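Engineer: Residue numbers (full-length UniProt numbering), protein chains in the order written: chain H, 1 to 125; chain S, 1 to 526.
Honestly, the hints are just simulated from the structure, not real lab data.
On a predicted model such as this, the values are computed, not experimentally measured, just so you know.
Note that beta-carbon positions come from the ideal geometry of N, C-alpha and C, so glycine has one too.
One should not assume that every hint holds.
[Stated by the list, open to error] Coverage of chain S stretches by chain H, computed from C-beta distances (three or more under 8 Å per stretch; other residues unrestricted):
#1 27–35
#2 432–443
[What the hints assert, rightly or not] Here are a few chain H residues that sit away from chain S, every Cβ distance over 10 Å (derived from the structure):
#3 Tyr3
#4 Met50
#5 Arg51
#6 Pro58
#7 Leu112
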Amino acid sequence: MDYVMAILVGLFITVGTYLLLSRSVIRMLIGMTIFGNGVNLLIFTAGRLMREVAPIVPPGLEVPDGPIANPLPQALILTAIVIGFSMFSFLLVLAFRAYRSLDADDTDTMRLAEPKRSPQPPLSY
Amino acid sequence: MDASTTLPMAMIDTATALADWVLVLPIVLCLIGAAAELVLRRTRVMPLIVAVVVTLAVIACEIGLLVRVAAEGPLSMTMGKWLPPFGISLTVDLFSAAFALAAAIVTLIVLIYAEADRTKSGARDDFHAMVLLLLAGVTGAFLTGDLFNLYVWFEVMLIASFGLIVGGNRPLQLDGAVKYGFLNFLATTFFLMALGLLYGLLGTLNMADIMRVAPLAHPGAMAGVAALLLLAFGMKAAAFPVNAWLPASYHTPPAAVSALFAGLLTKVGAYAMLRALVAVLPGSRDLLEPALALIAIATLLIAPLGAIAETSLRRAMGFIVIGGIGAIMAGLAMPSSDGIAGSGLYILHAIFTMSGLYLAAGLVEKGTGASDTLQMGGLYAASAPISILFLVLILAAAGVPPFLGFWPKLLLLQASLAEGVTSSAPSWVGLTLTLSLLVNAVLTLIAGTRLWAHVFWRSAPVAMTVTVPPSRGDRLGVAATSFLVLAVVLAGLWPAPLMEGASAGAADILDPARFVAATGLAEAMP
Chain H
1 MDYVMAILVG LFITVGTYLL LSRSVIRMLI GMTIFGNGVN LLIFTAGRLM REVAPIVPPG
61 LEVPDGPIAN PLPQALILTA IVIGFSMFSF LLVLAFRAYR SLDADDTDTM RLAEPKRSPQ
121 PPLSY
Chain S
1 MDASTTLPMA MIDTATALAD WVLVLPIVLC LIGAAAELVL RRTRVMPLIV AVVVTLAVIA
61 CEIGLLVRVA AEGPLSMTMG KWLPPFGISL TVDLFSAAFA LAAAIVTLIV LIYAEADRTK
121 SGARDDFHAM VLLLLAGVTG AFLTGDLFNL YVWFEVMLIA SFGLIVGGNR PLQLDGAVKY
181 GFLNFLATTF FLMALGLLYG LLGTLNMADI MRVAPLAHPG AMAGVAALLL LAFGMKAAAF
241 PVNAWLPASY HTPPAAVSAL FAGLLTKVGA YAMLRALVAV LPGSRDLLEP ALALIAIATL
301 LIAPLGAIAE TSLRRAMGFI VIGGIGAIMA GLAMPSSDGI AGSGLYILHA IFTMSGLYLA
361 AGLVEKGTGA SDTLQMGGLY AASAPISILF LVLILAAAGV PPFLGFWPKL LLLQASLAEG
421 VTSSAPSWVG LTLTLSLLVN AVLTLIAGTR LWAHVFWRSA PVAMTVTVPP SRGDRLGVAA
481 TSFLVLAVVL AGLWPAPLME GASAGAADIL DPARFVAATG LAEAMP
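Modelling step: build the complete structure from the supplied sequences, incorporating the hints.
Structural biologist: Here it is in C-alpha cells:
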C-alpha cells in the first residue's frame with residue numbers, strides 16, 4: 001500500500017510540476033493544486049498508513065484501549081488543505097482580475113512589472 | 001494501566017505563569033487588532049489609531065520579552081495543557097526576540113509613513129488590518145518553536161502580503177502579484193513537503209525535540225529534508241538562483257508596502273534558514289555546506305550587478321535587498337560564533353536599512369513623480385534632507401564604517417578570514433567568501449552612489465519639474481524615514497550592546513542546550 005501511495009505522490013508532483021512549467025496562469029493554478037495535493041498525500045503516507053481505530057478514549061478509561069490511529073498527520077493535512085484552498089481561491093481571483101485588466105493569460109505577455117525592453121543602464125557615473 | 005504514571009508525562013497540570021503569557025501576547029494582540037480593524041474599516045481615523053496602539057503594545061511586550069530572555073536565557077511556553085513534544089510550543093531565544101522587536105518597530109514606522117500617502121478614497125480599504133495580520137505572521141514565525149507552526153505563520157504572512165500587494169488594484173500591481181503569489185505559494189508548498197518527510201522520519205515537528213532525535217535518523221534522508229528546507233527558505237529569502245520573483249514584484253505596491261515587505265518577509269526566510277539549518281539540523285547543514293557557500297557567493301556577487309544594471313529606482317533596491325541575503329547566507333556557510341553572530345546582526349540591520357531604503361525611494365518618487373532614474377535628477381537642490389537620508393541608507397547597506405551595516409560585515413569578514421586564512425586548515429571557501437563580501441560591498445557602493453548621483457546630484461532633465469510640496473503629509477514621511485535612519489546611525493555609533501547580544505544569540509544557536517532545556521525536553525535526552 002505504501003508503495004502505491006508513493007507512486008501516486010510521485011505522479012501528482014510530476015503532473016503538478018509539468019503544469020506549473022506552462023505559461024498559462026490557469027494551467028499553473030491547476031498545477032499548483034495538484035502539486036499541493038501530492039504534498040498532502042505525502043504527509044499522509046509519511047505519517048504511516050494503518051487500519052487502526054479512531055483515537056478516542058472510551059468512557060471510564062483514561063488511556064485508549066488498544067492500538068489507535070495517529071491523528072496528527074490528519075490534523076496536519078487538514079490544516080494544509082484549508083490553507084492551500086484559501087491560497088487557491090485567492091490566486092484564482094487574482095488570475096481572473098489579471099486577465100481582465102492586463103488582457104493576458106500568458107505570463108510571457110504579462111510584462112508591466114518587468115518590461116521586456118528595459119532601458120540600458122546609464123553609462124555616466 | 002496506572003494512569004497516574006502516564007498522565008503527568010503528557011499533560012501540564014499547572015496553569016501557565018502569568019509572566020509567560022508575554023510570549024504569545026504579541027501574536028494575540030496583532031490578531032485581535034486585525035479583527036478590530038475589520039469592524040472599524042468604515043470609520044475615518046480609528047483604523048490608524050487602533051493599529052498604532054496595537055503595535056505600541058506589541059513593542060512593549062517584546063521589549064519585556066527581550067529583557068527577560070537576555071537575563072534568563074531562552075523561554076518557552078506550551079499551549080493547550082500538553083507537554084512539549086505533543087503541545088505546540090512558542091520558544092524564544094535572543095535572536096528571535098530581537099528580530100520580532102525590530103519587525104514591530106519597522107511596522108510602526110511604516111504605519112506612520114503610509115499615513116502620508118493615503119488618500120480619502122483609500123480610507124476604506126483593509127490596509128491597517130493587513131499590516132497587523134502581516135505583523136502577526138512575522139512575529140509568530142520568529143517566536144514559534146514548532147516547525148509546522150512556522151509553516152502556518154508563513155501562510156498567515158503570505159495571505160496578508162497578498163492583500164497588501166494588490167491593494168489599489170493597479171494593473172502593475174496585479175502583474176507583480178501573480179509572480180509573487182505563485183512563487184511564494186510554491187515555496188511554502190516545498191516547505192510543507194519537507195515537513196511531511198521530516199515527520200515521517202522523526203515523528204515530531206517540535207524544534208527542540210527534532211534537535212534531540214535528528215542525530216539518530218538516517219543522515220542521507222535528513223540531508224534531503226534539509227535541502228528541501230534550503231530550497232523553500234531560499235525562495236522565501238530570495239537567495240540567488242530562486243530570486244527572480246523579488247525584483248519582479250517588490251516595486252509594484254506603494255512604497256510603504258514595499259518597505260514592509262523588504263524589511264520583514266525576506267528576513268523571515270533568512271531567519272528560518274538560520275533556525276532550521278544551523279540550530280535544528282546542524283548535522284545536515286554540514287553536508288549542505290558547499291551548497292550554502294556557493295549560494296552565498298553567487299548571491300553576493302550577482303545581486304549588486306543587477307542593481308547596477310537597473311534604471312528603475314525601486315527595482316534596483318530589490319537587488320540590494322537580495323545582496324543582503326547573500327551576506328546572511330555567508331554567515332550560515334561558516335558556522336563559527338562570529339559567522340552566526342554576523343548573520344544575526346545582519347538580519348537585524350537589514351530589517352531597518354532595507355525598509356528605510358524603500359521608504360526613502362518612496363519619498364524620491366513622490367518628489368519627482370517618476371519611478372525611473374533616467375527621468376529623475378536635481379532633487380538635491382529641492383530637498384537636501386531626503387538626499388542625506390538616502391545616502392546614509394546606501395552607505396549602511398554597503399557596510400561603510402560609521403553605520404550599522406558595518407558591524408555585521410566586520411563579524412562576517414572575521415569569520416571568513418578565520419576560515420580561509422588563519423585556521424589550521426585554510427580553505428578556499430573561506431577565502432572566496434571573504435573576497436565576495438568585499439566585492440559585494442564595493443559593487444553595492446557603486447550601484448547605490450550612482451543611483452544617488454543620478455537622482456539627486458545631476459541636474460534635472462528638461463522635461464521634469466521637481467515638486468516637493470511642503471505638505472504636512474510629506475513632512476510626516478520624512479520624519480518617519482529619519483527615525484529609521486537615526487536608529488541605523490546610532491546603532492552604528494554605539495555597537496557594543498548589539499555586538500555582545502549578537503554573540504550571546506549566536507552561542508544559543510550553535511549550542512541549543514539552553515533552548516532545549518527551556519522547553520523541558522532536556523532530561524529526556526537519548
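Engineer: Run the C-beta distances from Leu112/H to all of chain S and say if the shortest one exceeds 10 Å.
Structural biologist: Check fails; 4 Å does not lie beyond 10 Å.
Engineer: Does the region 432–443 of chain S contain three or more residues whose Cβ lies closer than 8 Å to a Cβ of chain H?
Structural biologist: Since 0 is below three, the answer is violated.
Engineer: Does Arg51/H clear chain S by more than 10 Å, comparing its Cβ with all Cβ atoms of that chain?
Structural biologist: Holds, because the least Cβ-Cβ distance between Arg51/H and chain S comes to about 18 Å, which exceeds 10 Å.
Engineer: Just want to verify: Pro58/H was marked as not at the interface with chain S; is every Cβ pair farther apart than 10 Å?
Structural biologist: At roughly 13 Å from the nearest Cβ of chain S, Pro58/H sits farther out than 10 Å, so the non-interface label holds.
Engineer: Run the C-beta distances from Tyr3/H to all of chain S and say if the shortest one exceeds 10 Å.
Structural biologist: Non-interface label stands for Tyr3/H: nearest chain S Cβ at 14 Å, farther than 10 Å.
Engineer: Using C-beta distances, would you say chain H covers the region 27–35 of chain S, given that this needs three or more residues below 8 Å?
Structural biologist: Per the Cβ count (0), the hint is violated.
Engineer: Hey, is Met50/H genuinely clear of chain S, shortest beta carbon separation above 10 Å?
Structural biologist: 13 Å, holds
This entry does not satisfy hints 1, 2, 7, going by the numbered hints stated previously.
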